[in-house]
Every structure is written in C-alpha cells, then in structure tokens.
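Q: Each chain is listed here by its residues.
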Amino acid sequence: MINVTIDNKAIQVPEGTTILKAARMAGIEIPTLCYFELDGMKFENKPGGCRVCMVEVTKDFNGKPRRNLAPACATDCVEGMEVLTASPRALNARKTVLELILSDHPNDCLQCEKSGDCELQALAAKMGIREIPFKGEQSHYEKDTTLSVYRDMDKCVYCRRCETMCSKFQSVGALSGVNRGFPSVVAPAFEQKLGDSSCVNCGQCVQVCPVGALTLVDNINDVRKALADPTKKVVVQTAPAVRVALGEEFGMEPGTIVTGKMAAALRRLGFDYVFDTDWSADLTIMEEGTELLGRVKKLLAGDKDVKMPMFTSCCPAWVTFYEKNFPDLLGHPSTAKSPQGMFGAVTKNYFAPKIGVKREDVVCVSIMPCLAKKSECARPELGNGTDQDVNFSLTTRELAHMLKQSNIDLNSMPEEDFDSPLGQSTGAAVIFGATGGVMEAALRTAYEVHTGKTLPKIDFEECRGIFGESIREATVDFAGLPVKIAICYGLSNARKLMEEVREGNPNGYHFIEVMACPGGCIGGAGQPYHHGKSDIIKRRMDAIYREDAGKPIRKSHENPDIIAIYKEYYGEPCGHLSHEQLHTHYFDKSDKVEITK
Amino acid sequence: MVVMDETSCMPAIAKFYLEFTCEESCGKCSPCRIGNKRLCELLEKITNGNGTMDDLNALRNLAAVIKDSALCGLGQTSPNPVLSTLDNFWDEYVEHVVDKKCRAGVCKKLMQYVIDPEKCIGCGKCAKNCPAETISRTDYTAPGHKLASMVIEQSKCVKCGACYQNCKFGAISIK
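Residue numbers (my numbering), protein chains in the order written: chain D, 122 to 718; chain Y, 31 to 205.
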C-alpha cells in the first residue's frame, strides 16, 4: 500500500492504482470522457487521449511539483504523491479541452439520438460551458449505415472506445483509428463502408460510444406504420433480457422485472398479439438439445465425421462472426435458428394459418436487447423470398422511446399475461438472457431426455456468472457420460475456442455457448446504456435468475404449449418439418474480411 | 535559438511553426489534435487583420493549456513559438490586432504599397509591370517633374511587390 493525498485527503491505495481510481476510493469523482471500464469484465479503454481528467500533481515522486498536468486515468499513484483534482489550473485545462472538443462537434443536441444519454452533453453541463470560444473548421465525414449501426462520424470525439471494443473485446477489427492530426477518425480501413467490412453488427460500439457518433438504426416508424394499418395483424415477441432492463428507462432500479407491465404496455401500443420470445427459446432448446444429443450419440457410436463440439447459434453477431472468420468450421454451430428466427417461422407458418390470415398480412415484430437482430431478421434465408419471418426488430431502448412517445408510463401499467398460444414459457427460457443461460437450459432438457431421470439439482451454478474467467468450463455427468462444456462471452474468447477447434479440439469439448455481448444479452447493444457500470449488468443477471426461480415450470421440455405444438404440428424435435422451418444453414462470408487478414 | 531580423513578422513566424505541428500531430489527444488547429486558425485570423484583443487572450490561454495537457513531447512543445512570441513581441501582436499593421511587411493583408507623388517622376514602369493593372496616372505633376505621378488602386492590388521592385526612384514604400 502507498500513501497519497488527493484534494488534501490522505488515503492508502494498492500500488499500481491510478489517480482516477484512488480519487474514487476517496469519494472524489474526476470527470472522464475517453476512459471506459467494465469492472470485472476484462474491458478497459484507457488511451489517455481526451485529456478531460487532467489533474495537478503538486508533489510527485521527486518531492517536487510535476511540470505539466497529469491524466488521472493513465497516471499511477506513487508514494507521497499529492494531487489537486480541481485546482484553478486543472479546471481551466479541463474546461478548455472540453471547449476544444465541442468546437469540433456539431452540437445539434436537440436533434441528436443520444441527447439525454450523451456523456459529452453531461460533461458540458457539469463544467458549465455557456459558449464555445473557438470557432473554426469542423470535421465532416460521409454518413454510413448497416442494418443495425448508423455512423455519423462528424460527432466522433476520438475516444476510441469503439475501437477497443471492436478490436480487443470482440477481435472483429472493423473499426480502428485512421488518418492523423485533425482529420483523425475511427473508421473501417481503406474507406470501406462498415457493411463491407468485417463488422458483425454486434453493436457494442454503439453501447460504449459516449456521443451520438454511433447509434442504432431506428425502426420505430416502420412498426408504427404496421400498427396503423387495419389490414395487418401485428404480432410482437419480447426477448428474455428486455424484461429485466426496460424498467431502467422509466426510472426503475436496474434489475427490476417488468414482464407483466411490459405485456400490458405492448397491448396499449396496439399490438394484436403479445407473445414471448421465451416461448420460442423453449422451442430452441428442444431443437438444439435434440441436435446435441444426436451428435453425442453419433460420436459415441464411433462416427468420425460428426462435428464436435457443437456451438450455440442464438447470437446473430456470433453467427456472422464465424461465417466471416471460420468458414471451414460452419458445420460446428447448431443449425437451430435463434429464438427470434424460430418465433418468426412459427408465426408465419403455423400461427398465421391458424388465425386464418395470409402470412403477408401478419407483421411480426421483435423486441430485442440486440442490434444484430435487426440484421438477422433481414437474412434472406429467414423468410420466404418476399416476406421476412420477422419483419422488424426493435431494441429495448426503441421500445422505451415508443412507449414514451405514446404517453404510456410503464410504472402505471397493470401486470398482464402474454397471449396464448405462443406466450407461455419456462424458467429455462428466461435464462437465455444471461451468459451461460442457453447452456444451462439445454443441459436441463438434454440431461432428462438422455438419462430418462429427473435432474437431482436444477440449478447449474457452474454455468452462471458474468465476472471471473473469460472462458468457463465444466464437465457435467450425464449418468456416466461426462459432457464437457464451455461458455464465454466476447467474440475474442470465441475466437480462441474456434482456433482450438481448428486444432482438433484438444480439450474435448462437447458443447460451447457463445454470446457476443458482455454478460450475454443482458449487456446487449440495444439495452439501456450502462455507461460502463458492470453492476447494472450484474443486477439484470440476478433478475433473470430470480425470474427463473419463480417460474412454476423450469425445463423447456415440460412447457405444455411446446409439447402441444409438437403433437399438433411439428411431430418431433429435429423432425422433417422442424428441419424445414426451425433450422437454418450458414454461408461462407470470409470474402468480407480479406482486408483484415 | 533562431535569429531573425526586422523583416520577420512574429505572428507569422508562430503560424509557420504551428502549421508544421498541425501536420505532424498524430491526432491521439484532443489538445494537440484540435488545439493546435485552433491556434493556427487564431493566428490566421490575426495575420489577416481580423483579430481582436480577446483572440490574443484566447491564444495565450489555449497555448498554455496545450503545453500543460498534451500527451507527448510534440504536443507539449508545439505552442512554444506562440508563447515565446507573445512574451517577447506582445507589441507586434497588438499592432496586428489594434492598428491592423504588420511592421515587417510580411502579412500581405495588413500592408499597402503606396506611391509618393512628390518622388514619382511618372515614368510608368510600375504600371507596365503591374500584373493586376491597378496603377494609373494622376493629374498631379510634382514640382520639377515633367510627367504626372502614378497611383495604386488599393482595392485591386494583389500585394505582389512588382511595382516596388521596379521603381528606380524610391517613390514606392510599404505602409
């Protein structure tokens, strides 16, 4: 431990602590802009570039004042150090630097998607910026969009959080700093469009962007049009992670479960059928679990061609990632569609005829915590050529926005249930929203189906958690058959696992779950902004497991509506009809990433 | 140390150095990336004769902040030419801003070529060499001269200095 004095407050901190963190320990919050950390989740962006957190070191390692100011985020404390975080000199520099950043910013807050959530706006308010003394040239770049992410780099403050997220955490490498000096900006290499790059549309760049440079593609108006059309029946499905985060947008504590209120609010918005993606998550488990058992059986029978390990395929960013980076391993991921995709297929093929409406007249809307889902629902194979199975995908933030526009306050909504028949779900489906959840849900079903026995303990604690090891491993005993599993979030970890598989799967994994976003879908790019507070993601996760524990049925294969649809329509899991409708195939998209190779 | 004489304009010298550091800036930190650009733009404004005393204060503050907060050696030293010229040649900056004059005759927008009608013998060589055809003959003939003197129309003058170089009688001066 070393002794430091910050704003005349003496404290002891471990060696290697930065001034920023030491100040936090002393209860002093130094403003930052480029610095971004997801505490405990192995994500830190510390370029020391914005120079907003400058502090005055009045006594340095040599006993003398430091010549210039120090960036608090990137300067380690030394024994005896004395720091002033708000001296006139530090404040003046902080304010001037902020004025400089604002002088190269459009300052169109009234029209900006990020207004209210913008960290630059909050900083300007905190520092009391009333005018920008510097007038001069402003940066202008071409606007760019994919189906998920909208880029307006005129607003970029060059904090490079997106670059760290994209290149280090996700190992996608679509975004990096280009040019030098004043024209510096974060962009795909060689002036590529983001859609032509190695981007997988995970949208985490949007989640970490402090300003409105990277935002989501807004589909609210598309949905409003469908809702206003009397010839259309509009069906909505909501993903598991949405119900534990939507409340935050209405002032509720992170981790508040709003399932019933959300169902009521969606009805008030005018959706004809309010269904649940959790229902199709149960269906996913039936298909994916059966597929896993099928592969394991083949493996045990000595089949050398069976693709092991099997990967989950619920996360669309992950799907695009392996299509672009591992075209030689396309046989490994489960062919089961994602719960969103399955729900769309069931809605258009089973539910539309059931209510006597043509599939074109049913509009399927999904509420997702995800930006990649917007791209997923536009994949040509997830439709019949003229009509997509899922027509529009909205994020949690868009739903909150839409509710506010429609004067619907979630707080005052009653608790209502989802509609039948695509609304009832089990605890196994709820936990899809957190990392390890798909694995746990699959194990619950696969164990019982394989062994024919009831699970002695339903909670697979080894699958849970957002902190700790990057790649979690466990061996589950299936009545004498050891099933080796691995779970990770963050595509850089997935890359490591894929490379292992390429080398012959030395660890002998059978089943691997991958989610692109920090903590799984609860940390998705479409969720309310967490601004780096990993505690918020943790509380969402706790809520997910609370919801699971409170469910009367907690295993997918026991869902009566799932049992019924197999009896009535699909026959059996991985049968002919389900292969046609509930499974998909993958494509080699590696030509998109040649530049980054 | 750089040695210069009275033909060097201090704000223009500072701008010259700043243009170099703007080119060399990597762009990583905002004081250097945006700050040096703004310093350069302020100096441009001053050397164009559009500066105000507020700009001089902004210049000094900004230069001090960049020196204090930039990430690397390039950024931390880039405002030195500005700070050094402000400290040692403050009156030259004030002249640019208040009197709209560049005593070194470097800032083209702040200078005028003027023909002294008493010295001009009316040979017309200046008018022949003027690329912008701004020089014409007046009605005034100075005592002792045979031809009427010449005059420059300031609004059209491009400040190329051709007349100044070609006058053999020292009738043209820079003001």
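Wrong hints could be hidden among the right ones.
[What the hints assert, rightly or not] Footprint (simulated), chain D over chain Y, 3 or more residues, beta carbon under 8 Å:
| # | segment |
| --- | --- |
| 1 | 49 to 61 |
| 2 | 86 to 99 |
[Claimed, not checked] When the alpha-carbon atoms are kept at most 27 Å apart in a straight line, the in silico BS3-like pairs for lysine-lysine are as follows:
| # | chain 1 | residue 1 | chain 2 | residue 2 |
| --- | --- | --- | --- | --- |
| 3 | D | LYS256 | Y | LYS75 |
| 4 | Y | LYS138 | D | LYS256 |
| 5 | Y | LYS139 | D | LYS216 |
| 6 | D | LYS180 | D | LYS235 |
| 7 | D | LYS256 | Y | LYS139 |
| 8 | D | LYS256 | Y | LYS155 |
| 9 | Y | LYS186 | Y | LYS131 |
| 10 | D | LYS654 | D | LYS216 |
| 11 | D | LYS256 | Y | LYS158 |
These are calculated hints, taken from the structure and not from any lab test. Just so it is clear, CB atoms sit at the ideal spot from N, CA and C, and this is done for glycine as well.
Q: For every hint, state whether the structure bears it out.
A: Verification of the supplied hints:
With 10 residues having a beta carbon nearer than 8 Å to a beta carbon of chain D, the segment 49 to 61 of chain Y meets the requirement of three or more and the stated coverage holds. Given a C-beta distance limit of less than 8 Å, the hint that chain D covers the segment 86 to 99 of chain Y holds, as 7 residues qualify and 3 suffice. This hinted pair checks out: D/LYS256 and Y/LYS75 have alpha carbons roughly 11 Å apart, not beyond 27 Å. For the given pair, Y/LYS138 sits about 23 Å from D/LYS256 by alpha-carbon distance, which is consistent with the 27 Å threshold.
With a CA separation close to 33 Å, the supplied pair Y/LYS139 and D/LYS216 exceeds the 27 Å bound. Straight-line distance between C-alpha atoms of D/LYS180 and D/LYS235 comes to about 40 Å, which puts the hinted pair past the 27 Å bound. Only pairs whose Cα atoms come within 27 Å are accepted, and D/LYS256 paired with Y/LYS139 is accepted, the gap being roughly 21 Å. Simply put, D/LYS256 and Y/LYS155 have alpha-carbon atoms about 44 Å apart, too far for the 27 Å limit, and the pair is violated.
Taking the CA atoms of Y/LYS186 and Y/LYS131, the gap is about 19 Å. The hint holds against a cut of 27 Å. In summary, the hint linking D/LYS654 to D/LYS216 is supported, as the alpha carbons are separated by about 25 Å, within the 27 Å threshold. Distance hint between D/LYS256 and Y/LYS158 is unfulfilled; the C-alpha atoms sit about 43 Å from each other, more than 27 Å.
The structure fails hints 5, 6, 8, 11 (numbered hints given earlier, in ascending order).
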